[in-house]
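*Asks:* Chain by chain, the residues:
4 protein chains.
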Amino acid sequence: MATPRDAFHVWIPIDVRWGDMDAFGHVNNAKYFTYCESARIRYFEEVGIRGDGPRGGLGPAVVQASCNFRRQVHYPAALEVGVRTSKIGRSSFTLDYAIYRRDDGELVADGSSVVVWVDYGAGVSRPLPDDLTARIRALDPLPA
Amino acid sequence: MATPRDAFHVWIPIDVRWGDMDAFGHVNNAKYFTYCESARIRYFEEVGIRGDGPRGGLGPAVVQASCNFRRQVHYPAALEVGVRTSKIGRSSFTLDYAIYRRDDGELVADGSSVVVWVDYGAGVSRPLPDDLTARIRALDPLPA
Amino acid sequence: MATPRDAFHVWIPIDVRWGDMDAFGHVNNAKYFTYCESARIRYFEEVGIRGDGPRGGLGPAVVQASCNFRRQVHYPAALEVGVRTSKIGRSSFTLDYAIYRRDDGELVADGSSVVVWVDYGAGVSRPLPDDLTARIRALDPLPA
Amino acid sequence: MATPRDAFHVWIPIDVRWGDMDAFGHVNNAKYFTYCESARIRYFEEVGIRGDGPRGGLGPAVVQASCNFRRQVHYPAALEVGVRTSKIGRSSFTLDYAIYRRDDGELVADGSSVVVWVDYGAGVSRPLPDDLTARIRALDPLPA
Numbered sequence: 020m021a022t023p024r025d026a027f028h029v030w031i032p033i034d035v036r037w038g039d040m041d042a043f044g045h046v047n048n049a050k051y052f053t054y055c056e057s058a059r060i061r062y063f064e065e066v067g068i069r070g071d072g073p074r075g076g077l078g079p080a081v082v083q084a085s086c087n088f089r090r091q092v093h094y095p096a097a098l099e100v101g102v103r104t105s106k107i108g109r110s111s112f113t114l115d116y117a118i119y120r121r122d123d124g125e126l127v128a129d130g131s132s133v134v135v136w137v138d139y140g141a142g143v144s145r146p147l148p149d150d151l152t153a154r155i156r157a158l159d160p161l162p163a
Numbered sequence: 020m021a022t023p024r025d026a027f028h029v030w031i032p033i034d035v036r037w038g039d040m041d042a043f044g045h046v047n048n049a050k051y052f053t054y055c056e057s058a059r060i061r062y063f064e065e066v067g068i069r070g071d072g073p074r075g076g077l078g079p080a081v082v083q084a085s086c087n088f089r090r091q092v093h094y095p096a097a098l099e100v101g102v103r104t105s106k107i108g109r110s111s112f113t114l115d116y117a118i119y120r121r122d123d124g125e126l127v128a129d130g131s132s133v134v135v136w137v138d139y140g141a142g143v144s145r146p147l148p149d150d151l152t153a154r155i156r157a158l159d160p161l162p163a
Numbered sequence: 020m021a022t023p024r025d026a027f028h029v030w031i032p033i034d035v036r037w038g039d040m041d042a043f044g045h046v047n048n049a050k051y052f053t054y055c056e057s058a059r060i061r062y063f064e065e066v067g068i069r070g071d072g073p074r075g076g077l078g079p080a081v082v083q084a085s086c087n088f089r090r091q092v093h094y095p096a097a098l099e100v101g102v103r104t105s106k107i108g109r110s111s112f113t114l115d116y117a118i119y120r121r122d123d124g125e126l127v128a129d130g131s132s133v134v135v136w137v138d139y140g141a142g143v144s145r146p147l148p149d150d151l152t153a154r155i156r157a158l159d160p161l162p163a
Numbered sequence: 020m021a022t023p024r025d026a027f028h029v030w031i032p033i034d035v036r037w038g039d040m041d042a043f044g045h046v047n048n049a050k051y052f053t054y055c056e057s058a059r060i061r062y063f064e065e066v067g068i069r070g071d072g073p074r075g076g077l078g079p080a081v082v083q084a085s086c087n088f089r090r091q092v093h094y095p096a097a098l099e100v101g102v103r104t105s106k107i108g109r110s111s112f113t114l115d116y117a118i119y120r121r122d123d124g125e126l127v128a129d130g131s132s133v134v135v136w137v138d139y140g141a142g143v144s145r146p147l148p149d150d151l152t153a154r155i156r157a158l159d160p161l162p163a
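Chains as they are written, first to last, in my numbering: chain A, 20 to 163; chain B, 20 to 163; chain C, 20 to 163; chain D, 20 to 163.
The set of hints was computed from the structure by calculation and includes no laboratory data.
Yeah, the Cβ is synthetic: ideal placement off N, Cα and C, and Gly gets one too.
Some clues are possibly wrong.
Examples of chain A residues lying across from chain D (beta carbon under 10 angstroms, computed) [unchecked claim]:
#1 Trp37
#2 Met40
#3 Asp41
#4 Ala42
#5 Phe43
#6 Ala49
#7 Gln91
#8 Tyr94
#9 Gly140
Computed beta-carbon distance windows for the label pairs [unchecked claim]:
#10 B:Gly108 <-> C:Glu125: 52 to 62 angstroms
#11 B:Arg156 <-> C:Arg154: 48 to 58 angstroms
#12 B:Pro148 <-> D:Arg154: 35 to 45 angstroms
#13 A:Gly108 <-> D:Arg61: 39 to 49 angstroms
Pulled out of the complex, with its shape left as it was, chain A reads as follows (with noise of 0.2 angstroms):
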């Protein structure tokens, strides 16, 4: 089941390019992962994680990614795609995603990503600041 569209409250748009294609003529499986992460990188800003990545210090990595694709997608289309956090733990969060197409609102495809707050230079998971949890429940209400 698809998480319902006004759940979502933080949206980007994206602009199919045609080199988004591929051999088969469609937007081809892993450029929707580009998608979701150009959401999820919009995300963090939105909640203030900097994007800094993993050179130093505390910060945020993805540990898994799924997407479901449900209607294929041809260039030129245009998508927007909402982010959301549906579950936080005390060192990860879960984000979902769902594509839509901007013209006709249709479904093209939802996924998530677990993104774990990692010592990047132990190489282990640290707990979510109190901060970050705090905006991102600001953002997303979730159940304690």
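Given chain A's structure and the hints, the job is docking chains B, C and D onto it.
*Replies:* Using the frame of chain A, we list chains B, C and D on its own:
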């Protein structure tokens, strides 16, 4: 739990390209799906599925894909991807993947995808052809 | 010398994706060619070239591409690409591109590509159809 | 005119991935630049340029790239890319590339790129270090 290595009978080598890395300085998440795609295309060749794709007739459509990212990978790296059918149904089958470093045999990622047999024109699923099922079972013995 | 901005009559917007960046933390060189490709496909639509590609019949083949990288680009960035025909021959034409930042109008790159009209099956060049040449000249006035 | 094959002393293998193809069913133009990039990174390693990129200090910046597409390439294909310095100046050098099919030795593309030595922070070019010039000349003999 990752599938044991000797369960895979189809393997492809992947040489990580510098350009597979992203701004975090490691191989981008979406590239793992490209690596699995390369393995899947090879598997399709092995079981006699031609790579025409959704241009007409019947053929495979990936409807779901997932990946667990277990180790960061950086250029230069030599990987290998094992692929096998772990489940087969009336009109679909599930492929499992495992990605190892070639030098030390470390598992860096594993994942799976669900492939449905579809009538591309009608946009509906169809039973897997008997000869395809037989070739898959010959390659990857599965519980009846 | 870059082509003056008002020489371009076909424009497309490009929203830089986080994933367009490489391990150097800036937009990867190869992506500029993807941006120009998006502009070229749009230009082809504008002059009535259908995007079937090399699957049969006659059509365009890019035989040469070049790009000058004038400014580094980082996510997030909003670009626009102008494209025009700068030269037309018996069986080929040259497209020029200019890529600007949308916020401050800074030129970040420019380039060109040579497009030959080919018989895909025979693998040889053919004269540009008269109506195509006429549509190109109508869009981009060129010296006779 | 393509550079003769024995002029190249640095080579890398490239195994074409299915995903390198685009909706035209052949290897996408932009991928050739990725192939050349892989060769360039290898060449940089060979002459002692570390791959830190534009994060500080001095280093290489590609300011121009071009490619001639001589043959279409389709998956599966095994290629090799030769790379050499063809020209060296005070603060820049030119790399030439040639891409061959490994099975029949057919030249499928060739190209070049101009690499400038820059102070990333100041955004200005700097003279090539003498030891770098010496290593380049040792690898690729050039007219004084």
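*Asks:* Next, verify each hint and record whether it holds.
*Replies:* Okay, the hints, checked on the actual structure:
1. Using the Cβ-Cβ criterion of 10 angstroms, the hint placing tryptophan 37 (chain A) at the interface with chain D is satisfied: the shortest such distance is roughly 7 angstroms.
2. The beta carbon of methionine 40 (chain A) is positioned within 10 angstroms of a beta carbon in chain D (closest approach about 4 angstroms), and the interface hint is therefore held.
3. Checking aspartate 41 (chain A) against chain D: minimum C-beta separation of about 6 angstroms stays under 10 angstroms; hint holds.
4. For alanine 42 (chain A), the suggested interface contact is upheld, since its CB lies about 4 angstroms from the closest CB of chain D, less than 10 angstroms.
5. With 10 angstroms as the threshold, the beta carbon of phenylalanine 43 (chain A) comes within range of chain D, its nearest partner Cβ sitting at about 8 angstroms, so the hint holds.
6. Given the 10 angstroms rule on beta carbons, the hint for alanine 49 (chain A) holds: about 7 angstroms separates it from the nearest Cβ of chain D.
7. Taking 10 angstroms as the C-beta cut-off, the interface hint given for glutamine 91 (chain A) is violated, the closest approach to chain D being about 12 angstroms.
8. Residue-level restraint check for tyrosine 94 (chain A) holds (minimum Cβ-Cβ distance to chain D is 8 angstroms; threshold 10 angstroms).
9. Hint status for glycine 140 (chain A) relative to chain D: violated, with the closest Cβ pair at about 18 angstroms, above 10 angstroms.
10. Distance hint check for glycine 108 (chain B) and glutamate 125 (chain C): the Cβ-Cβ separation is about 55 angstroms, which falls inside the suggested range of 52 to 62 angstroms.
11. Checked against the hint of 48 to 58 angstroms, the pair arginine 156 (chain B) and arginine 154 (chain C) passes, with Cβ atoms roughly 56 angstroms apart.
12. Between proline 148 (chain B) and arginine 154 (chain D) the beta carbon distance is about 59 angstroms. The supplied range of 35 to 45 angstroms is therefore violated.
13. Between glycine 108 (chain A) and arginine 61 (chain D) the C-beta distance comes to about 43 angstroms, which sits within the given range of 39 to 49 angstroms.
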